[in-house]
Amino acid sequence: MSGFTLGIRLVPRLTLLLLVLPVAAGLIGVVAPAFGWLPALGGETWTLAPWQALWQAPGLADMLRLSLVTGLASTLAALTIVVLFLGAFIETRLFRVVRRLLSPLLAVPHAAAAIGLAFLLAPSGLASRLVSPWLTGWTQPPDYLFPGDPAGVALIAGLVLKEVPFLLLMSLAALPQCQARERLMVARSLGYGPVTAFTKAVLPGLYPLIRLPVYAVIAFATSTVEVALILGPSTPPTLAVAVVRWLGDPDLTRRFLASAAALLQLGVTALALLAWWGAEHLVRRLVAGWLVDGGRRRGEITGRLVGAALTWLSIGLLGASLAGLLLWSLAAYWPFPAAWPSPMTLRTWREAADTAMGPLGHTASIGLVATALSVLLVVGCLEAETLRYRPLRPGAQLILYLPLLVPPVAFLYGLVQLQAQLGLAAGWWAVTLGHSLFVLPYVFLSLAESYRRLDPRWGQVAASLGASRATTFWRVRLPMLVVPIAVAAAVGFAVSVGQYLPTLLLGAGRLATLTTEAVSLASGGDRRLTAVYALGQLALPALGFLLALGLPRFLLRHRRLLLP
Amino acid sequence: MPIPCPLILDNVTIRHGAHTLVAVDARIAPGEVLTLMGPSGVGKSTLLAQVAGFLAPVFTATGYIRLGDEELTRLPAERRRLGLLFQDPLLFPHLSVGGNLAFGMPAGGGRRRRRQAVEAALADIGLAGFAGRDPATLSGGQRARVALMRVLLAAPRAMLLDEPFSKLDAALRDEMRRLVFARIREHGLPTLMVTHDRDDAEAAGGPVIALSAREA
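Line by line, the protein sequences are chains A and B.
When we follow the numbering used here, the leftmost residue of the first sequence carries the number 8, and every step to the right adds one.
When we follow the numbering used here, the leftmost residue of the second sequence carries the number 22, and every step to the right adds one.
Every clue listed holds true.
Within a straight-line C-alpha distance of at most 20 angstroms, the following computed SDA-like cross-link-like pairs (lysine to any residue) qualify:
#1 K188(B) with Q186(A)
#2 K188(B) with S160(B)
#3 K188(B) with G162(B)
#4 K188(B) with R164(B)
#5 K188(B) with H217(B)
#6 K188(B) with E189(A)
These aren't lab readings, by the way, just hints derived from the structure by calculation.
Please read all numbers here as calculations on a predicted model, not as lab measurements.
Make a model of the complete structure from these sequences and hints.
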């Protein structure tokens, strides 16, 4: 066996180890303090006191309800939108337009989208300005609570807006695998309307392929910190936000309570996943008869109208949010019913230019290194698949998803504990490695399809011409995959830029990035500066995508077959 | 049973940009099979897609498709009620064999009546008792028969066959040809078949239009 083959074969194990170890260690690191054991803070006896304190925390029941309801409701809404959109519009012009918009939409960091939505729908936001005073008669901002309504509607809306593009992207990748085109043709030639054909003939094959991404969405939505900080209610907040607050409490004994709450968060997410899984089974039994009852057009028009309305609403909200951010960043003085800030100025941008350089540098350097590391490992894993002629085992695939299925609040704090115990410095390296935990799964998700689809005969041609395994990889396979690798890197970079909690916790709150600054500004009153940071946070991934799509187009301009 | 109508292709022409792929003008009588012969790449499947209502947007089509007096050209695929039989049987893997047949049947009739109809249809193609089976456990010939029956149960007004026998092995091919053409005559369905196999055309016994590869 050559050195190359040996090296490549070790990569999958190394990668799995790098993913399992921190998550497992983090979970262990949070269990001990939850039961009173944290010698650094004087906890040297095992006790249930942290749990008793947690049960007595005011509003705990509301926190749990909020986390569960917002997580499940937003996932259900997002999945419904994706299904209706695909059913109503697959292979239409709108479908192709949305498909092209998807990567940039996915690159919008959660925090930026949440800030945009908050500024759009707040009482004094762009939406109410556009209809005032001519339609509503409002000359003062109306009196309603958004964001931060106690039922969590704003939070659900913000989550849906970011989950739809993700689930849509995952579905698009899975559609060819379940022969969606053929299934649709059969059903429609048998007389089924498009939406009914999709739900009865394609969805039962598609859903199992996007189940893991759906679970990842549930895990994210039940445990998100930054979106809930910006859009969720504050008294009481969601459980994940409460954990972060207790962690940051100057009273260090609160760390025990926080650890117990972090474990409880793990339970909440597990409960949400379990509930969803149970519902899956129930739905499967309930629809078995409906699938074969021969009904071809029932609800067809409704489905199509609702699908169209929800799709346009999502696109409209996201677009208007971004436009609103841009207006706020240029506003000098912008009194209430005015729909347009006047005069416009670049002053806020100039002010921010001085202070934002540090965070910008951190964001970029952490993102680049975390992405490079992830791409290296993912390409290694996929090349190892090629060498062995079989894909990763299902168990290994699940481990790749682990950081997306375990709530980050539950294991990151444990990692911080270990970091302190082992005397490792918090800071740039810790944050970068922490980001890699979340970047790697997304890079894998985005690259695996293209890598596995590359015709194995290219490698066989090279081998029959006398090329070694290493030469085949470097000179044949890698150059042929330049475009998908560049896109996967852009996705990874966008994920890193959007990370909030790992930056906050592993950087001990001292490493500022555009995202941490944007989130902390969002709770303050300065909309102009917040908008500038949110846009900056958005511009970096956009630049990444621009490079990923543009650079290969230029470099490969005489190799047209390699371009999409 | 409704009175069968002829399927009419009135100057149907498919273009890809300025280049004309295929042009057909034909009238197919009930129970008759019109065969479009030609090597792959001459656009015969594209023509079939246009008749079925699935033409890809890169192509443009002119001319009219009619069933008797009814104009089909602007109808969406699901309103045309033309039975489409593909190269592959394409049985839905998420449904049982019986479920696949029930999927083809029109709605209504109550659960028990539908189940009886499925049983009868299976017996009709020599697969009695197969209703609960996973399609994956069927042989190639059995799958092809179920796919044919699924189309027939939807009560189509004409049939479109897209190289329906090319993936079967030689022994099965003859048997399947006999079955398909017998059913087509029995139901009086006007049928358009595209194939590159001369034996298919002979077995069908109808008129043949030979398409030749054109200079692009």
